[in-house]
Amino acid sequence: MKREIISLQEVTFTYAEEDENVRPAVNNVSYTVYEGEWVAIVGHNGSGKSTLARLMNGLLFPQTGQVRVFGEALNEQSLWETRSQMGMVFQNPDNQFVGATVQDDVAFALENNGIPFEEMVERVKQSLVKVKMSDFMNSEPHHLSGGQKQRVAIAGAIALQPKILLLDEATSMLDPQGREEVLSTVRQLREETDLTVISITHDLEEALLADRVIMMNQGSKYAEGSPEEIFQRGQELVDLGLDLPFAMNISRLLKTQGITLVAEHMSEEELVNDLWTSHFNK
Amino acid sequence: MLEKMIFGRYIPGDSFIHRLDARAKLIFVFLFIAVVFIANNWITYGILVAFTFLIIRMSKIRLYFLINGLKPVVILIIFTFLLHLFFTREGAVIFEWKFIKIYEEGLRQGIFISIRFFVLVILTSILTLTTTPISITDALETLLNPLKKWKLPVHELALMMSISLRFIPTLMDETDKIMKAQMARGSDMTTGSMKERVNAIVPLLIPLFVSAFKRAEDLATAMEVRGYKGGEGRTRYRKLEWAAKDTIIILSLVVLAAVLVYFRS
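Residue numbers (UniProt numbering), protein chains in the order written: chain A, 1 to 282; chain B, 1 to 265.
Some clues are possibly wrong.
What the hints assert, rightly or not - DSS-like mimics (lysine-lysine), calculated; alpha carbons at most 27 Å apart, straight line:
hint: 1; chain 1: B; residue 1: 214; chain 2: A; residue 2: 125
hint: 2; chain 1: A; residue 1: 125; chain 2: B; residue 2: 98
hint: 3; chain 1: A; residue 1: 125; chain 2: A; residue 2: 163
hint: 4; chain 1: A; residue 1: 130; chain 2: B; residue 2: 239
What the hints contain is simulated information worked out from the structure, not anything from laboratory work.
One chain only, chain B, in its complex shape:
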């Protein structure tokens, strides 16, 4: 199940999108969220979809792979579509059967909201698929840096994030090991009633927590020994480099916004 989830995973590659500065991609996604709301008719939504496909092409991620990975989100999209379909009561009635009445506006709204949802999810997935988690963390740290003035512990938050990311596979392995060890001792996690299954998780979680705390302590010691004393006076090994192409991608969004404003009704 976990292998199929593409949300938050990184696919190595060397496309134009892969090579963009992580900061540019982050800013792009945040601005895009705002830009999406400019669209309000068929032409503008059409432009949005076309723009999204252009980005997918540029990222060189296979469309099939992308759609397949977004299956869990598709259910959510269908659900919102149906909600709008049945509960918007404007415009002419286009379909009527017993107590169900579908209005023209409902259908339109349903489709628009679904498109909006769809392009947003696709673009955020492309962000995580083409950017290593560590670069995203770095980008967040630099972008949030001005907030230090208001005592936001930006460096600490970024370090916490990168350490958690680094320990995910380690803890996954550990969970797997504990699970097998408990199964070998006769613990059954796959059958029985809901209550029994929840109870079977307890002997899995407790050893996991114990070892996670042990790891945290070891890690803290190791960090201290290696001279970690907070963000003050630290230099950075990872350098983010803003290039012309990063400015271009942000500008493309400005152009998109202008076009959308022109065509919106």
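This is chain A alone, in the form it adopts within the complex:
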């Protein structure tokens, strides 16, 4: 059995504790993330997925239930130690850039954790190489694109050599190119290290990259499984306010036009392969 990294047990959280009419943002949710996994938490706006992110790194504490990180309960005492093991990238590229230049920003978390100067210089350099931003060491944030800023944010997160990388809608404000940049950076990081990635997203294309998908709806866990299992639900996902991946949408539309395909394809590559061989199969 793989080592457990984060586990939530019957966690409930509400922003308005005294008002009983308000639905809890997160209601009785349990799941476990294991070492080295890539888990995507998907759901439409208001499904409670961002609240989950905040519960996992102790920005919020649940009213009932328990959050365990590395097998230990997350509380005020273990908070800072936990945070140094968990890099986090947020939605808005501009609002998480603290430093005046790229290298200052990457160094920010290192400074906070009291890393000695010489090691800091080395780690900043390495992290920037990993996200392919080392040519921009001295650039100021307003000269960078959204995708570049998010890559710097990732560099800042991994500079601390964390066990977990938490992406909270990290690609939702980017253009397609920026999104691809960020996702391929994360993919590559995973190949090089045993980083556990938790990505919170409403983009099902991003969820496709994950090993496991947890689907949230109305604050509760709606489904959990491999991307294939989740996407088989097809129309159900659309009804819950999620956009299907492009390839899947096309295959569905092709089917309604009476074109026979082997299956509903999740990736573009599969779809293309099916299409160009479909003629021979007749």
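Got chain A; can you put chain B on it based on the hints?
Just chain B now, with coordinates in the frame of chain A:
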């Protein structure tokens, strides 16, 4: 308009002045303000001007650029000059026309005050032109560090300053965007009476404030997640290094002061 302002802007370069430690430059400017007041006659003011030009030469900033950028300040200098010219009543009368009387001392005072103003503005501009804002912040933080004993939150002030500096371009962009968005909705900010124009700024400011607060909240969360818990136990990524040339530049000021004292009347 904003592009022309050189006050507080940084021009990248690699001159002797650029490479000086930011702390040395800050100390230099503060001491210089005191030294300027030693001068009180033609020779000493002449020396001051010569010294200033020497510094300009060393900073490799084009004189034309410097003077051009200081135009708003020049108006102020002319104004002080005229004030002294007309209101000092000492020495011989050198010019008289109807009720206007100009005295010798007035002319002298006017010129001296203008020179004093001029060299101070030039040298402070050179400080900001040759030093990145972040280094100035760092320098201030280290120089003010002893004041921590008196509970001055030096680290927090410096961080606030550097974050504000970092967000200036972001908020400028935002202002521009909101302005265009409001103009597209028919808001007119360039014509009409003063009152109308002031009113037109309100729909610009409110969205700007809302978004600035949103940004502040996001930033605070991001900082907390990245382990920021105040200045305690923090290490520094930026190192300021005091070299021999920094001591030399401060000493040059001591020499200047000595020369001025010798020649002053």
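Hint check results:
1. B:214 with A:125: Distance ~31 Å between residue 214 of chain B and residue 125 of chain A Cα, so the pair is violated.
2. A:125 with B:98: Violated, because 74 Å separates the two Cα atoms, which is more than 27 Å.
3. A:125 with A:163: 19 Å, holds
4. A:130 with B:239: 24 Å, holds
Going through the hint list in order, the structure does not satisfy hints 1 and 2.
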